[in-house]
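Enquirer: Here are the chains, one letter per residue:
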Amino acid sequence: MSGDRARRPGELVFVIAVVIFSALALWQAWLISGFSSPSSPGVFPMLAAGTMLVSGLLILAETARRDPAERQSSAKAFLREITPGRLLLFASLMIAYILALEPFGFLPSTFVFLLASIAVLYRGSILVTLAVSVVSLAAIFVVFRYVFGVVLPKGSLF
Amino acid sequence: MEAVSYFFMAWTDPSLLFMVAVGTFAGIYIGAIPGLSVTMAASILISFTFKWDVNDALALIAGVYLGGVYGGSRSAILLNIPGGPSSVATSLDGYPLAQRGEAGQAIGITTVVSVIGGFVGILALATGAPLISSFALMFAPRDYLLLAILGILLVGSLSGNSLAKGIFAGALGVLIGMVGLDPMTAEGRFTFGTITLMGGIPYVAAMIGFFGVAEVLYQLRYLDLPAVKQKIERILPSWSIVKRFMPLSLRTSVIGVIVGALPGTGGDIAALMAYDHAKRTVRNPSRPFGQGAYEGLVAPESANNAAVGGAYIPMLTLGIPGDAVTAVIIGALFIHGLKPGPLLLAETPHLFWFTVGSLTLANIFLLIFGLTGVRVFSKVIECPKGILLPLILVLSVVGTYAIQNNPVDIYWMLAFGIIGYFMKVYGFQVAPVILGVILGPLMDVSYRRAMISVRDDVGMFFLEFLTHPLSLILTLSLVFILLAQTPVWTRIFGAKKSGASAQLDDKQ
Numbered sequence: 133m134s135g136d137r138a139r140r141p142g143e144l145v146f147v148i149a150v151v152i153f154s155a156l157a158l159w160q161a162w163l164i165s166g167f168s169s170p171s172s173p174g175v176f177p178m179l180a181a182g183t184m185l186v187s188g189l190l191i192l193a194e195t196a197r198r199d200p201a202e203r204q205s206s207a208k209a210f211l212r213e214i215t216p217g218r219l220l221l222f223a224s225l226m227i228a229y230i231l232a233l234e235p236f237g238f239l240p241s242t243f244v245f246l247l248a249s250i251a252v253l254y255r256g257s258i259l260v261t262l263a264v265s266v267v268s269l270a271a272i273f274v275v276f277r278y279v280f281g282v283v284l285p286k287g288s289l290f
Numbered sequence: 029m030e031a032v033s034y035f036f037m038a039w040t041d042p043s044l045l046f047m048v049a050v051g052t053f054a055g056i057y058i059g060a061i062p063g064l065s066v067t068m069a070a071s072i073l074i075s076f077t078f079k080w081d082v083n084d085a086l087a088l089i090a091g092v093y094l095g096g097v098y099g100g101s102r103s104a105i106l107l108n109i110p111g112g113p114s115s116v117a118t119s120l121d122g123y124p125l126a127q128r129g130e131a132g133q134a135i136g137i138t139t140v141v142s143v144i145g146g147f148v149g150i151l152a153l154a155t156g157a158p159l160i161s162s163f164a165l166m167f168a169p170r171d172y173l174l175l176a177i178l179g180i181l182l183v184g185s186l187s188g189n190s191l192a193k194g195i196f197a198g199a200l201g202v203l204i205g206m207v208g209l210d211p212m213t214a215e216g217r218f219t220f221g222t223i224t225l226m227g228g229i230p231y232v233a234a235m236i237g238f239f240g241v242a243e244v245l246y247q248l249r250y251l252d253l254p255a256v257k258q259k260i261e262r263i264l265p266s267w268s269i270v271k272r273f274m275p276l277s278l279r280t281s282v283i284g285v286i287v288g289a290l291p292g293t294g295g296d297i298a299a300l301m302a303y304d305h306a307k308r309t310v311r312n313p314s315r316p317f318g319q320g321a322y323e324g325l326v327a328p329e330s331a332n333n334a335a336v337g338g339a340y341i342p343m344l345t346l347g348i349p350g351d352a353v354t355a356v357i358i359g360a361l362f363i364h365g366l367k368p369g370p371l372l373l374a375e376t377p378h379l380f381w382f383t384v385g386s387l388t389l390a391n392i393f394l395l396i397f398g399l400t401g402v403r404v405f406s407k408v409i410e411c412p413k414g415i416l417l418p419l420i421l422v423l424s425v426v427g428t429y430a431i432q433n434n435p436v437d438i439y440w441m442l443a444f445g446i447i448g449y450f451m452k453v454y455g456f457q458v459a460p461v462i463l464g465v466i467l468g469p470l471m472d473v474s475y476r477r478a479m480i481s482v483r484d485d486v487g488m489f490f491l492e493f494l495t496h497p498l499s500l501i502l503t504l505s506l507v508f509i510l511l512a513q514t515p516v517w518t519r520i521f522g523a524k525k526s527g528a529s530a531q532l533d534d535k536q
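Those protein sequence lines, which keep their order, are chains A and B.
Read in order, the letters of the first sequence correspond to residues 133 to 290 in this note's numbering.
Read in order, the letters of the second sequence correspond to residues 29 to 536 in this note's numbering.
Hints may be right or wrong, so weigh each one.
Across the chosen pairs, the derived CB separations fall in these ranges [said to hold, decoys possible]:
1. B:Gly-487 to A:Ala-138: 44 to 50 angstroms
2. A:Val-145 to B:Leu-264: 53 to 59 angstroms
3. A:Val-244 to B:Val-50: 27 to 33 angstroms
4. A:Ala-138 to B:Trp-267: 49 to 55 angstroms
Calculated directly from the structure, the hints in this document are not laboratory data.
Glycine residues also receive a C-beta, built at the ideal position from the N, C-alpha and C atoms.
Make a model of the complete structure from these sequences and hints.
Expert: What follows is the structure, encoded as structure tokens:
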């Protein structure tokens, strides 16, 4: 199976987090109704969380057995392989965009997001970036607002 | 007689006809662009169409589904990049054909056999579903529980390379589906006393997060793949070629239907199994497999489109999705207040025959769109990802917000997207999560009904798994799937499977 694949940077940490999350979920599931009866509301969540914990531990054992991909600093490798600069930049833009929706509303925040992320990813000329952003935003707005009749996120300012 | 009129509803109503056409057309292109999956398109579309009449929404989705599964073959042939998981096998012989300058011929044959496969699948749906549906009324709650576990297990074990990771992903989905008020006692579960969590985690946000946002982030890693240009001449395949491959196409379509109808397995598995079947049974292929054999194109492409009709069967009759796309479609039916299951055919037969009719229509459109407009197509496929990916994110936001107009849903989508990215990077499949989210509540209720029916007697509960014939069959299949993944089994039958999954790993 995947036994011969080298461990990716950060994989062990992720799997440990998975196991901890599963254990917490099992504890929370137990708090719902304990073992009061085999058909109580908490039993199935406990089964699900228990399955997560057991499979998580198996994954952990398997992950720990594999050799890491390389011996150099794992933080550096993590940055290069798992969260390269462009991805980090886009993810930050994405988070900022979503947080900006509530105060600023759909149109201004989407425009800025499209402009910035296309500039970063496509690296075309400013004019092309601007044109693409404006046209696609207008298309999205018209199609979804008027054709699909969808409510677009509304901000407190706009 | 009524069935016939419902069947032709989408054919005679211009607006429904238009929906199917647009859906199929869009599906072909969405499916063809690597990184845009049918599942992603379906999850985003569902949120936009939830205010529509249910027929419009179903017609559109039927088109997108059928078109999308086919569309993946285009980029597999032209670029050697499968547009989606169900066209991985197609690229094995499709790209070598393109390299020989036979891209047009390859696309033509693919289109024809996809349509043949599609019709076989639809025929199976039209005849098989009513049969299974009458039979399904005899299913006990524990059988539903077993079927649901089977579905999640099949997705988890066949689509990824680690069974443990597949099981984890499925269980995580079930857990997400449990959050909120318990449907039987209205007790809060995992709500931490907050009102926000009492309504549960919106599953559309989970779908768009895992299939939309996570995929966008994942695709950013492959931003700089160069586009390959191909010259395309003759597309329409000659009648003699079609006649020559008809038997193989029909055989592999049957494989596709069966694999598609199994809960949890869809076009991707069907295509790989069909390719394997062709490799084993075709004595004198037009060329050696892997070097541009037409047979290697016919088999997976017939099977993956046949699997579409097959996947609708368990969804409409049992409420158990045949693959990730049908899991999303079940979500759409829920939103429209419909309950897929054994009563769906009895209570809303028009819905069933309408679906069959729209799929048939979509298949006809597939033939038309598939054989025309290829030249325009190769332009569209070059749409740069640097523009495409930000737009998908905006659509994901709009789609998630559209369902409940609640900004919290967008935050859920963001969180699931980021978690989904790390899961994908570290080899966890996200499809089992969605199956778990959709099936979790059904499993919970089935489990408790089964337990209550034996008056909380745990021994009796397990005994019933063995004493009822249907439950016994399902239990044995479960045990078989689990055993098939253990080291002993792999050592005996391992050679072949590792070959197929190695090819899969190469392509992904």
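Enquirer: Could you see if the CB distance from Val-244 (chain A) to Val-50 (chain B) stays within 27 to 33 angstroms?
Expert: holds (31 angstroms)
Enquirer: Mind checking the hinted window 44 to 50 angstroms against the Cβ distance between Gly-487 (chain B) and Ala-138 (chain A)?
Expert: holds (46 angstroms)
Enquirer: Measuring from beta carbon to beta carbon, are Val-145 (chain A) and Leu-264 (chain B) in 53 to 59 angstroms?
Expert: holds (55 angstroms)
Enquirer: Taking the Cβ atom of Ala-138 (chain A) and the Cβ atom of Trp-267 (chain B), is their distance within the range 49 to 55 angstroms?
Expert: holds (52 angstroms)
Every hint from the earlier list agrees with this structure, and none is contradicted.
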